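S.K.: Full structure from sequences and hints, please.
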Amino acid sequence: MDSATSPLPQNDLPLEQQVARLQALLEATRQAHSTSAVNEVLTRTSHILVRELEMEGALFLDSSSTQPNVSWGTVPAAPYDNCYRFPLFSRENQLLAELIVAPPVDGSLSIYDRDFIEGLVLQTAVALENATLHERDLEWARVQQDLDAARTIQRSLFPTSMPAIPGFSIGARSSTCYEVGGDYLDILRLEDGTHLMVVADVAGKGLASAIVATSFRASFRSLASQPLPLAELAARIGQRHWEEGPEARRLYVTAIFLRLRTEDGIVEIVNAGHNPGALARSAGSVHLFEASGTPLGMFPGMSYSSETFPFSAGSRLLFYTDGLTEVSQGEEEFGSERLVQAFLESSSSNAPQILESLWETLASFSTNAQQVDDMTALAICHLDPLQQELATP
Amino acid sequence: MSAKITVRHSDGVAIVDVNGRITLGEGSVGLRDAVLKELAADHKKLLLNLAEVTYMDSSGVGELTSAYTSIRNQGGEVKLLNLSEKVDGLMQITKLATIFDISDDENAAIASFKK
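Each protein sequence line maps, in turn, to chains Y and Z. Straight run, no breaks: the first sequence in our numbering ends on number 393. Straight run, no breaks: the second sequence in our numbering ends on number 115.
Since the hints were derived computationally from the structure, they do not count as laboratory data. One should not assume that every hint holds.
[To be verified] A short list of chain Y residues far from chain Z (calculated; beta carbon distances all over 12 Å):
| hint | residue |
| --- | --- |
| 1 | Asn69 |
| 2 | Pro166 |
| 3 | Ile187 |
| 4 | Ala203 |
[As the list claims (entries may be wrong)] Once the Cα atoms are required to be at most 20 Å apart in a straight line, the calculated SDA-like pairs of lysine to any residue come out as:
| hint | chain 1 | residue 1 | chain 2 | residue 2 |
| --- | --- | --- | --- | --- |
| 5 | Z | Lys86 | Y | Gly335 |
| 6 | Z | Lys86 | Y | Val372 |
| 7 | Z | Lys44 | Z | Asp17 |
| 8 | Z | Lys45 | Y | Gly330 |
| 9 | Z | Lys4 | Z | Ile99 |
| 10 | Z | Lys86 | Y | Arg338 |
| 11 | Z | Lys86 | Y | Ser336 |
| 12 | Z | Lys86 | Y | Phe334 |
| 13 | Z | Lys79 | Z | Phe100 |
| 14 | Z | Lys86 | Y | Glu331 |
| 15 | Z | Lys79 | Y | Phe299 |
| 16 | Z | Lys86 | Y | Glu332 |
| 17 | Z | Lys86 | Y | Glu326 |
| 18 | Z | Lys4 | Y | Pro276 |
| 19 | Z | Lys86 | Y | Gln329 |
| 20 | Z | Lys86 | Y | Gly330 |
| 21 | Z | Lys86 | Y | Glu337 |
| 22 | Z | Lys79 | Z | Arg32 |
| 23 | Z | Lys45 | Y | Glu333 |
| 24 | Z | Lys37 | Y | Pro246 |
| 25 | Z | Lys86 | Y | Glu290 |
| 26 | Z | Lys86 | Y | Pro246 |
| 27 | Z | Lys44 | Z | Ser10 |
[As the list claims (entries may be wrong)] Distance windows between CB atoms, simulated:
| hint | chain 1 | residue 1 | chain 2 | residue 2 | range |
| --- | --- | --- | --- | --- | --- |
| 28 | Z | Val7 | Y | Leu190 | 50 to 60 Å |
| 29 | Z | Asp104 | Y | Ser63 | 49 to 59 Å |
| 30 | Y | Ser328 | Z | Glu106 | 26 to 36 Å |
Quick caveat: nothing in here was measured; it's all calculated off a predicted structure. Glycine included, every Cβ here is placed at the ideal spot set by N, Cα and C.
M.R.: Take a look at the structure:
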């Protein structure tokens, strides 16, 4: 600013007056800095200009227009004829506000007044920036609290314990990349004794996807209690989602559903636009359950078909979201082939252990890089008699 | 880096060249704006050239299908051109390959629009 680069006009004043002016500036500075509220900083500076420096009026124009203008005294209306303008800049040289000063009625500003105002403006700019950052911090803390509460409620909706089904080992695992996520996993025991499971992934990530995931849960849970074929259940959830409108359609859901009849190990699967589920048979072969239709909620009137098969003892199933296959090492993604291979190679019949080992494999592939998408998986093992014996504590 | 989107016109078809990433907050809005602008100008035959799309996530897929719906609702036609391996994989997994008309040959794709 001028006052920092040009010779100080105070040099022409007697020493006592120079000291008095510096003391006045120090006091004015103290006042501007003694609050952390944006409005208060500007009000205090306006007071000093009008009451102490005897200006006719002072007005702060907010450059972002997010705050109301602050003024004191009398300032003519725009374009502020005969007024003096002083910009307030941040440390990064961004314009924060502009000060309009209406000089005393009897004349213009003296060089001393001008110098004083410039000094005060520099200090006010620092105080204003600090106050703005402080207000932003408070706002951020509120948002963070909201997100923490959202995370707590979302975690509480994740199945806390797996159903104890004799002859089966079931494991589920989920980790979000932000506070909350758009992956969903659920397991329900229905009145007819079958178990209904789903792994789903809402497009996008973060809060918007988490809200849609909760809406998906409501839909899934309310329709699950009705005696519907699995493919019809998927179609109805999709139709309901589509009817929510264009914004919801953009946040479509890919999902893979499973119904397990425990007494004879018959399994029915419907895949709606989701990553293929993998069945590893005891003999070592693999079958993939590909999608029979597009994701839920994307288009109206979609229909799906189901696959029913005997889930024989010794076989294992894996459902997962694309966060697992998209774990990357530089530009290279882990991919579904490697994931299925890792699943096959983990010879455990303990489902939680299988998932733990997959998570370890993925972390080591990405060299523990920060997670970039939500990751969720469900593993089910149908134990053969020997495995059952080993699993019994 | 967001996607760079340019539009060319050939034989009554608007060819939208997308260059970069179509992900949440990156490129997806640009694609939406470009499609809506063409529709507003009564250009209802759109060919989305995705040859230079380096990455697309689920939000990008949502944008593509949203564009598909907007264009179809206005009586228009949309086709996809030159899918990268990543985008093609997404189209296969989500079964969208059965919905979209996908081509690897620009001239053939332009010629295949209804006259």
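S.K.: The structure should be examined with respect to each hint, and the outcome stated for every one.
M.R.: Hint check results:
| no. | hint | in the structure |
| --- | --- | --- |
| 1 | Asn69 | 33 Å, holds |
| 2 | Pro166 | 35 Å, holds |
| 3 | Ile187 | 24 Å, holds |
| 4 | Ala203 | 4 Å, violated |
| 5 | Z:Lys86 / Y:Gly335 | 10 Å, holds |
| 6 | Z:Lys86 / Y:Val372 | 17 Å, holds |
| 7 | Z:Lys44 / Z:Asp17 | 16 Å, holds |
| 8 | Z:Lys45 / Y:Gly330 | 38 Å, violated |
| 9 | Z:Lys4 / Z:Ile99 | 25 Å, violated |
| 10 | Z:Lys86 / Y:Arg338 | 16 Å, holds |
| 11 | Z:Lys86 / Y:Ser336 | 12 Å, holds |
| 12 | Z:Lys86 / Y:Phe334 | 13 Å, holds |
| 13 | Z:Lys79 / Z:Phe100 | 6 Å, holds |
| 14 | Z:Lys86 / Y:Glu331 | 12 Å, holds |
| 15 | Z:Lys79 / Y:Phe299 | 17 Å, holds |
| 16 | Z:Lys86 / Y:Glu332 | 11 Å, holds |
| 17 | Z:Lys86 / Y:Glu326 | 11 Å, holds |
| 18 | Z:Lys4 / Y:Pro276 | 32 Å, violated |
| 19 | Z:Lys86 / Y:Gln329 | 15 Å, holds |
| 20 | Z:Lys86 / Y:Gly330 | 15 Å, holds |
| 21 | Z:Lys86 / Y:Glu337 | 14 Å, holds |
| 22 | Z:Lys79 / Z:Arg32 | 15 Å, holds |
| 23 | Z:Lys45 / Y:Glu333 | 35 Å, violated |
| 24 | Z:Lys37 / Y:Pro246 | 18 Å, holds |
| 25 | Z:Lys86 / Y:Glu290 | 17 Å, holds |
| 26 | Z:Lys86 / Y:Pro246 | 26 Å, violated |
| 27 | Z:Lys44 / Z:Ser10 | 13 Å, holds |
| 28 | Z:Val7 / Y:Leu190: 50 to 60 Å | 52 Å, holds |
| 29 | Z:Asp104 / Y:Ser63: 49 to 59 Å | 51 Å, holds |
| 30 | Y:Ser328 / Z:Glu106: 26 to 36 Å | 31 Å, holds |
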